[in-house]
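*Asks:* Starting from the structure of chain G, add chain W where the hints point.
Single-letter residue listing:
Protein chains: 2
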Amino acid sequence: MNAQLSALQQQAQQLSGSVTRPIPGSRKIHVEGSRRDLQVPMREIVLARTPALFGGGENAPLTVYDTSGPYTDPGAHIDLSAGLPALRAAWVAERGDTEALDGPGSLFGRSRETDARLDPVRFPARNQPRRALAGANVTQMHYARRGIITPEMEFVAIRESQRLEAVRDADLLKQHAGVSFGASIPKIITPEFVRDEIARGRAVLPNNINHPESEPMIIGRNFLTKINANIGNSAVSSGIAEEVEKLVWAIRWGGDTVMDLSTGKHIHETREWIIRNSPVAIGTVPIYQALEKVDGRAEDLSWEIFRDTLIEQAEQGVDYFTIHAGVLQRHVPLAAKRVTGIVSRGGSILAKWCLAHRRENFLYTHFEDICEIMKAYDVTFSLGDGLRPGCIADANDAAQFAELETLGELTRVAWKHDVQTMVEGPGHVPMQLIKENMDKQLRECGEAPFYTLGPLTTDIAPGYDHITSAIGATMIGWYGTAMLCYVTPKEHLGLPNRQDVRDGIMAYRIAAHASDLAKGHPGAQVRDNALSKARFEFRWEDQFHLGLDPEKAREFHDETLPKEAHKQAHFCSMCGPHFCSMKISQDVRDAHADG
Amino acid sequence: MNAQLSALQQQAQQLSGSVTRPIPGSRKIHVEGSRRDLQVPMREIVLARTPALFGGGENAPLTVYDTSGPYTDPGAHIDLSAGLPALRAAWVAERGDTEALDGPGSLFGRSRETDARLDPVRFPARNQPRRALAGANVTQMHYARRGIITPEMEFVAIRESQRLEAVRDADLLKQHAGVSFGASIPKIITPEFVRDEIARGRAVLPNNINHPESEPMIIGRNFLTKINANIGNSAVSSGIAEEVEKLVWAIRWGGDTVMDLSTGKHIHETREWIIRNSPVAIGTVPIYQALEKVDGRAEDLSWEIFRDTLIEQAEQGVDYFTIHAGVLQRHVPLAAKRVTGIVSRGGSILAKWCLAHRRENFLYTHFEDICEIMKAYDVTFSLGDGLRPGCIADANDAAQFAELETLGELTRVAWKHDVQTMVEGPGHVPMQLIKENMDKQLRECGEAPFYTLGPLTTDIAPGYDHITSAIGATMIGWYGTAMLCYVTPKEHLGLPNRQDVRDGIMAYRIAAHASDLAKGHPGAQVRDNALSKARFEFRWEDQFHLGLDPEKAREFHDETLPKEAHKQAHFCSMCGPHFCSMKISQDVRDAHADG
Numbered sequence: 001m002n003a004q005l006s007a008l009q010q011q012a013q014q015l016s017g018s019v020t021r022p023i024p025g026s027r028k029i030h031v032e033g034s035r036r037d038l039q040v041p042m043r044e045i046v047l048a049r050t051p052a053l054f055g056g057g058e059n060a061p062l063t064v065y066d067t068s069g070p071y072t073d074p075g076a077h078i079d080l081s082a083g084l085p086a087l088r089a090a091w092v093a094e095r096g097d098t099e100a101l102d103g104p105g106s107l108f109g110r111s112r113e114t115d116a117r118l119d120p121v122r123f124p125a126r127n128q129p130r131r132a133l134a135g136a137n138v139t140q141m142h143y144a145r146r147g148i149i150t151p152e153m154e155f156v157a158i159r160e161s162q163r164l165e166a167v168r169d170a171d172l173l174k175q176h177a178g179v180s181f182g183a184s185i186p187k188i189i190t191p192e193f194v195r196d197e198i199a200r201g202r203a204v205l206p207n208n209i210n211h212p213e214s215e216p217m218i219i220g221r222n223f224l225t226k227i228n229a230n231i232g233n234s235a236v237s238s239g240i241a242e243e244v245e246k247l248v249w250a251i252r253w254g255g256d257t258v259m260d261l262s263t264g265k266h267i268h269e270t271r272e273w274i275i276r277n278s279p280v281a282i283g284t285v286p287i288y289q290a291l292e293k294v295d296g297r298a299e300d301l302s303w304e305i306f307r308d309t310l311i312e313q314a315e316q317g318v319d320y321f322t323i324h325a326g327v328l329q330r331h332v333p334l335a336a337k338r339v340t341g342i343v344s345r346g347g348s349i350l351a352k353w354c355l356a357h358r359r360e361n362f363l364y365t366h367f368e369d370i371c372e373i374m375k376a377y378d379v380t381f382s383l384g385d386g387l388r389p390g391c392i393a394d395a396n397d398a399a400q401f402a403e404l405e406t407l408g409e410l411t412r413v414a415w416k417h418d419v420q421t422m423v424e425g426p427g428h429v430p431m432q433l434i435k436e437n438m439d440k441q442l443r444e445c446g447e448a449p450f451y452t453l454g455p456l457t458t459d460i461a462p463g464y465d466h467i468t469s470a471i472g473a474t475m476i477g478w479y480g481t482a483m484l485c486y487v488t489p490k491e492h493l494g495l496p497n498r499q500d501v502r503d504g505i506m507a508y509r510i511a512a513h514a515s516d517l518a519k520g521h522p523g524a525q526v527r528d529n530a531l532s533k534a535r536f537e538f539r540w541e542d543q544f545h546l547g548l549d550p551e552k553a554r555e556f557h558d559e560t561l562p563k564e565a566h567k568q569a570h571f572c573s574m575c576g577p578h579f580c581s582m583k584i585s586q587d588v589r590d591a592h593a594d595g
Numbered sequence: 001m002n003a004q005l006s007a008l009q010q011q012a013q014q015l016s017g018s019v020t021r022p023i024p025g026s027r028k029i030h031v032e033g034s035r036r037d038l039q040v041p042m043r044e045i046v047l048a049r050t051p052a053l054f055g056g057g058e059n060a061p062l063t064v065y066d067t068s069g070p071y072t073d074p075g076a077h078i079d080l081s082a083g084l085p086a087l088r089a090a091w092v093a094e095r096g097d098t099e100a101l102d103g104p105g106s107l108f109g110r111s112r113e114t115d116a117r118l119d120p121v122r123f124p125a126r127n128q129p130r131r132a133l134a135g136a137n138v139t140q141m142h143y144a145r146r147g148i149i150t151p152e153m154e155f156v157a158i159r160e161s162q163r164l165e166a167v168r169d170a171d172l173l174k175q176h177a178g179v180s181f182g183a184s185i186p187k188i189i190t191p192e193f194v195r196d197e198i199a200r201g202r203a204v205l206p207n208n209i210n211h212p213e214s215e216p217m218i219i220g221r222n223f224l225t226k227i228n229a230n231i232g233n234s235a236v237s238s239g240i241a242e243e244v245e246k247l248v249w250a251i252r253w254g255g256d257t258v259m260d261l262s263t264g265k266h267i268h269e270t271r272e273w274i275i276r277n278s279p280v281a282i283g284t285v286p287i288y289q290a291l292e293k294v295d296g297r298a299e300d301l302s303w304e305i306f307r308d309t310l311i312e313q314a315e316q317g318v319d320y321f322t323i324h325a326g327v328l329q330r331h332v333p334l335a336a337k338r339v340t341g342i343v344s345r346g347g348s349i350l351a352k353w354c355l356a357h358r359r360e361n362f363l364y365t366h367f368e369d370i371c372e373i374m375k376a377y378d379v380t381f382s383l384g385d386g387l388r389p390g391c392i393a394d395a396n397d398a399a400q401f402a403e404l405e406t407l408g409e410l411t412r413v414a415w416k417h418d419v420q421t422m423v424e425g426p427g428h429v430p431m432q433l434i435k436e437n438m439d440k441q442l443r444e445c446g447e448a449p450f451y452t453l454g455p456l457t458t459d460i461a462p463g464y465d466h467i468t469s470a471i472g473a474t475m476i477g478w479y480g481t482a483m484l485c486y487v488t489p490k491e492h493l494g495l496p497n498r499q500d501v502r503d504g505i506m507a508y509r510i511a512a513h514a515s516d517l518a519k520g521h522p523g524a525q526v527r528d529n530a531l532s533k534a535r536f537e538f539r540w541e542d543q544f545h546l547g548l549d550p551e552k553a554r555e556f557h558d559e560t561l562p563k564e565a566h567k568q569a570h571f572c573s574m575c576g577p578h579f580c581s582m583k584i585s586q587d588v589r590d591a592h593a594d595g
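One line per chain: the protein sequences are G and W, in this order.
According to full-length UniProt numbering, the first sequence is numbered sequentially starting from 1.
According to full-length UniProt numbering, the second sequence is numbered sequentially starting from 1.
For reference, chain G alone in the conformation it holds in the complex:
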């Protein structure tokens, strides 16, 4: 098998170098929790001294949130064909409410395992799936509601805090008052607060027991705004090694979760490679694979095929499932007169199924059966918005809002089962209609985390939809969305390449951070303050390193002023040495200090 695999393995190894180089000016650190095996990864940015001209003095290192996993740690040994260390395995096992299975519980999983033709693409290390003991519920929500603070919850509390307590410079801590539209953001994120938010359903901690490699994270309006990046091959492009590389690339730049939207060949094997190597939560849309199993004929879908797909994927370790259970028979006609009809793939598949069978959506009728599966592995619901608007004209229409009301109903059903739940949102929405979406979601879904795609604020910029959508994403993030699904520049046009993924993630990291600033999230402004101080003091390297993309910042600077000396220079290339407002401004400050 090793010989057969070597081509893929070798390819993966080759790729890893270009995506795993350390992030400049910083080092990986781990903050220990209440137990030795609770090590929360963060990134520490080392800063230079303030030059004497500006008063001198040390600048303490700044700690920032880090999604990149071990890949950016020069000390970590990366072997993609072995997968990441199973850092949560002990936590899952010691709870004593799960069992290891002999083999896959799904028919499909078993058939793949015994198919020798798949050996060349199979993930080499066999994964023994776990499942809840009969009658047990292993969701974080279930623990939270029973008052238990899990190691995952403690991990998240430490992670969200970003060592804010270590910031000693009072000037860095200064922050404008936020406007949070009714959020309940605490001054300090404690494990108990995390537990309480999960118990209330206001936050989710997506961590399948079969994905012990993951570093816990939380999604909720009272925590840092998160972003998701989509990867996945399709019929027309992309192989396994490329997808694993896209994963590593996406988390390098700040993807908090990654959805694997593969629709092509080897979808099962690709997913296994991705999950085993992912430190972030992985989401999928199981209906895509179910449709492949019936050769693309939506009308041939059945609950049995779908159920088997859920078990297959849950046992691989998928952390959240998009389930389009809100597309009801009575909603479909509401979308018929739209300019762009139904644009969600999942939504259109289920609408077609409903029409073909003249029966209710089987995801809706079997929703409690799905809950039973979710709670046996702790898979989080992401209730899909199959009727989201695909253009400005269709925004906030009857179809969209009818579905949202159904999603609210389903949220309450899921919560009855202690299943973690988030709710997906639009889409294309002009600015003046965005808040109505957020307000209705909060009302209908009881503050379950909203997870929105964009929204795009205009339809007329194909090629730039990372920007049309980042605008809407920033606003809805401010209003209360907990996670923003990125959009790349290739949206509507083609499949994103590496550069597109980076551009999409950067636009969304900006959106998420600008939202946190506006909401007044505690400590959100520290990094802005530190970067601006560095900028004023002409600490060029620090300015690059404190930015979201240090490599791009340096590259742009060096295009105009490539010399090393210019990074010590007390001017920048926009104005040249005789014309620097920062310099004059320093003179003004000195003059004022003198007189």
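It is possible that part of the hints are untrue.
Identical chains share a label here; the pair holds if one copy fits it or two copies do between them.
Claimed, not checked - Here are the computed lysine to aspartate or glutamate pairs in the EDC-like style, where the Cα-Cα straight-line distance is at most 20 Å: (1) K293 / E113; (2) K583 / E165; (3) K583 / E292; (4) K583 / E409; (5) K440 / E58; (6) K337 / D587; (7) K174 / D397; (8) K293 / D115; (9) K28 / E360.
Rather than coming from a laboratory, the hints here were simulated on the basis of the structure.
*Replies:* What follows is chain W alone, placed relative to chain G:
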């Protein structure tokens, strides 16, 4: 002289090919006004028939606003060394309130004219400057207040309307109700409405009598939101031919006005080349050149040097001047404790002058003298925000708002002289503080058009500040800003190259359009509707052509699916042929139509 100029001319000719190719899928049209010489340029996008599968039918051509001037017209003869046709010359002359001068009225202009060393870089066609007759006031505001509708006003009314009356498809005209925060947007833009808005000071029509090549445009919150692109050489980079090319490039992508911020050599000659070849309004910051005249020593500046610079530039045809007259002695100490001090170049120069002389800013004390110059050429004020915040921490502080109050006072002085006036705004502002800026500006400055730089909604993304700022720009545009000054990805890092200019403009075209949609500007949604209809019907070419950047859209599409056949395909590369939600959605529509 011709022989000496040939190098520059040749360079300019070579460049023009790459920036002047026609915009795909469209043609330049001219809409005639009440007189034969009133020809308003627009761009007509030709659309394909709806395929039979989607019901068939013609799609009438769509007319869109066009800033690109004759450069994108294959029928136009472009000779950069001759300049564009002086299309407004007759309108200016026939008013009978101006005279042609024998030569430059400024000392500096005369000295440049007689300096033979400048022959190789001088614009070859001599420009005879015009000035108002003694005692005359030639501003559009002055005419408007006397009830006169000038050809410029009629031109603007036709231009703003974008042939909306020609749209016959009622579905395309459907539009969500806007939220305009107290704007007074009419259903139809008439010449009388234009006149009234200019008379009230709620809009400006920046058109120096010495820039007769310009195609009139209007800036005001009740009109389409405009964007400005900055160009300009500096001590470290860029020559004349490059700047002219940047101008043509910037207006190709949608720059409504262009500011020439040159600070390097041949600033006078560069400006002449730019203005003579510019169909859009040109703005400058005269203090930059004044500072060059005193070798960069701010304390050596004087009213006499500044006055001569204003006359020099006004006689070249600059349409609006940024004047930092609001930086007062008493404001400067308010900025001393800021994180990034004074970041406006103009602001810091004047602050330094005030400190050096312990006297009030001479732009403030001579403000009425400046008004006298403005009204002799119809130069529009852009009252500079020299104390704008340079980081999130400094947003909405005492320094910024004290200056804004002074700008309100100066607006009223300018209006007393019937001088057109807009007011500049920030800067760096977190989302929750943006609206306070707009509201205060409207209140203090009596609805004079607000012209904002961004604002940037976070400091932590150097390399992506076109995005951090487009987010803030879209919001402030919605709230009422009339013109958005673009920011490129190179902001804070280096000088923008061509790609940066295009990226910056696209981000701002998106911001401006998303603002218009949100305000409910009449007809703003037509293009979105047309593009989305094309998208749903798989009219790929139409989707590209209706976008803001047809070339980029096609390039991205072809990266994944390069074949011509794929542009007729009823699927796209994101999902492949068996997985298209648009296709399924059409099936759903058909099914619903049947049953």
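*Asks:* Is it within, between, both, or neither for K440 and E58, if the alpha carbons may be no more than 20 Å apart?
*Replies:* Cα proximity of K440 and E58: none, with 49 Å in one copy and 39 Å across.
*Asks:* Please work out whether the CA atoms of K337 and D587 approach to 20 Å or closer within one copy, between two copies, in both situations, or in neither?
*Replies:* So K337 and D587 pass the 20 Å test across copies only (13 Å; inside, 65 Å).
*Asks:* With 20 Å as the alpha-carbon cut-off, assign the pair K583 and E292 to within, between, both or neither.
*Replies:* between (63 Å within a copy, 17 Å between copies)
*Asks:* Given a CA cutoff of 20 Å, do K583 and E409 count as a within-copy pair, a between-copy pair, both, or neither?
*Replies:* neither (60 Å within a copy, 30 Å between copies)
*Asks:* Cα distance capped at 20 Å. Does K293 pair with E113 within a copy, between copies, both, or neither?
*Replies:* Answer is within; shortest intra-copy Cα gap is 16 Å, inter-copy 79 Å.
*Asks:* Please work out whether the CA atoms of K174 and D397 approach to 20 Å or closer within one copy, between two copies, in both situations, or in neither?
*Replies:* Result: close only across copies, 13 Å inter versus 42 Å intra.
*Asks:* Cα distance capped at 20 Å. Does K293 pair with D115 within a copy, between copies, both, or neither?
*Replies:* So K293 and D115 pass the 20 Å test inside one copy only (16 Å; across, 81 Å).
*Asks:* Regarding K28 and E360, is the shortest C-alpha distance of 20 Å or less found within a copy, between copies, in both, or in neither?
*Replies:* neither (51 Å within a copy, 53 Å between copies)
*Asks:* Regarding K583 and E165, is the shortest C-alpha distance of 20 Å or less found within a copy, between copies, in both, or in neither?
*Replies:* So K583 and E165 fail the 20 Å test inside a copy (33 Å) and across (54 Å) alike.
The structure shown violates the earlier hints numbered 2, 4, 5, 9.
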